[in-house]
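**Q** One-letter residues, chain by chain:
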Amino acid sequence: MSTTRATPAAPPGGPAGRPAGRGEPDRHRWRNRLHRFDMRYTPYLLVAPFFLLFLVFGLFPIIFNGVVALRHWRLDDPTLTGWAGAANFEKLLTDDDFWNALYNTFGIFLLSTVPQLTLALVIASVLNRRLRAQTWFRVGVLLPYVTPITASTLVFAVVFARDTGVANWVLSVLHLAGDEPIDWRSAKWSSWTVLATMVNWKWIGYNALLYLAAMQSIPRDIYEAAAVDGAGVWRQLWRITVPMIRPVVIFTVVLSTIGGLQLFTEPMLLEQNAQAATGGANGEWQTIAQLIYKVGWKDLNLGYAAAMSWGLFLIIVVVSALNALITNRLGGGKR
Amino acid sequence: MSGTTITPQAPRRRNRRRGALSGRAPADTPGSVWNYLFLSLVILFSAFPLYWMLVIATSTDAALARIPPQVVPGDQLLTNLREVFSMQDVYFVQSLANSAIVSSVVTVAVLFFCSLAGFAFAKLRFKGRNALMVIVILTLTVPNQLGVVALYIVMGKIGWNGTLLAVIVPGLVSAFGVFYMRQFILEAVPDELVEAARIDGATTMRIYASVVLPAVRPALAVLGLLTFVGTWNDFQWPLITLNGTDYPTSMVALSDLASGNYVLYRRVLAGALVATIPLLIMLFIGGRQIVRGIMEGAIKS
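Heads up: the sequence lines are chains A and B, in that order. Everything in the first sequence is counted per our numbering, starting at 14 for the first residue and increasing by one. Everything in the second sequence is counted per our numbering, starting at 289 for the first residue and increasing by one.
Note that these hints are calculated values from the structure, not bench results. By construction, the Cβ of each residue, glycine as well, lies at the ideal position given by its N, Cα and C atoms. There's no promise every hint is true.
Stated by the list, open to error - Which bits of chain B does chain A cover? Going by a derived footprint, with three or more residues having C-beta under 8 Å, they are:
#, stretch
1, 490-497
2, 550-558
Unchecked claim - One side only, chain B facing chain A, incomplete, derived with CB under 8 Å:
#, residue
3, A350
4, A351
5, V381
6, L384
7, L428
8, L453
9, V461
10, F464
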């Protein structure tokens, strides 16, 4: 700043002037206050939409679900909304449909989770090699992920038709079929197999990518050391890779537990008359989520459906915890 | 190193050293023929239902009843499509439009709200930040689906059941989105940049618009693709709240098509094909990003 320029007389409160004298011009005080307000409160405004919407449409319904479960709440008779106490839950305990659905859900869940995660692991370890067209393969395994379950289930429903389905045709060509074509929808084992196939098809690639991501961060020296000690490919996979990516394995186990126990679309659309939600003529493959839909929106008994969903919730929590524990052990975590 | 000679130049990367005995890390092993064969089978298995959808959607009823089955696409696609689109009580055209509306609105909203919240959690200081972030992470593990009965009642009270609002509004934010954006912003936006912008007198929103948003574009692309695909494919809640109305989403319309005692699968799957194509296009355009997004999400969670 040259001294030749005389200090201009700042007009009081003028737009261009620096604060003259002692008193800050109003504008600055205002800006200051604005700044402090901005620093202190804007963050809350930024996170508010999430919490507001979550409270209203996420948390509140789950809590309110508890209230509904303790009441009579029928869609066909709105006057019947009295207090039911534990009646809905007591009914649950002796409801054959519920236990049958629970049995089915677990059966399908086991049939799908185990092969799904094992295969995903193998695919991931192959994808982890130096490959040509790597991206192409990775995108390829995601085809099922972007295909609507609704659409793929309908395809599988045709593939597993009794008389005209490709599945039976392939089996007969391979001479694996008996004298009669398999009626996939008529027994538990066969319908469970069909549903597990659908679930596996949908999620193997996705899980493989999760595993691949974790595998890429394993230090390479470890493999070298193992190879020097004479460990083969499979030994390396089970002894090094799996333990090293254990957190992701646990993550996928929990994820597929939550997903598997809520299985809905596949069992719904395997049925010829989808919206009846019966899961087979005798409930061969009716899952809990499907039963909740049937009780709530076909039998119009929302109170009882709410009780069922609480039951399902508890089961999911318990199974997830157990799963995490077991996976942790298997991976060699705690001895 | 136990040798007496001191190598003046250490090997640049340890895994480059390969003696007669030393092995290779899997990531350095070139894929063998078997690997390619195996992966090709996996891709074939992945693509099979899509292909079969095409076969059925292009066939006649007679062709579908034949054994051995027809294994190549037929030439009846237009006929089947015309039938789907002209079914009065299924509103298929309307349902596609609805799916497009729902998915687009939800995607834009998720991108906006989640990047805002992610920014706040990653770069701003405020009381209760950590506690609130824990809540976000906890909500990731609670399946919202378990509240559907009550959600249906709530929507009934506000009068939204049967309208697209019932599907759109609960989807406007996502805990996964907040988490994902926060992780990305933590790394992609240097603190110094935020500080510098502050000193220049930028407001928080100004910083969001001119510093954060440009930096998170890749993450927005990934989250956008994942959200769009997820919303388009959602079935249970739309079925509950929109079933039997004139405003189904395409997934609900498909299940309508597939309900009844005499289902024409060529017709249903022609519809399914149409409802799947937008997603295949997305995978085609954004496949790389989707893969990267899923893999990044895995490491950090």
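**Q** So, for every hint listed, does it hold in this structure?
**A** Cross-check of the supplied hints:
no., hint, result
1, 490-497, "holds (count 4)"
2, 550-558, "holds (count 4)"
3, A350, "violated, 11 Å"
4, A351, "violated, 10 Å"
5, V381, "violated, 17 Å"
6, L384, "violated, 12 Å"
7, L428, "violated, 10 Å"
8, L453, "violated, 11 Å"
9, V461, "holds, 4 Å"
10, F464, "violated, 11 Å"
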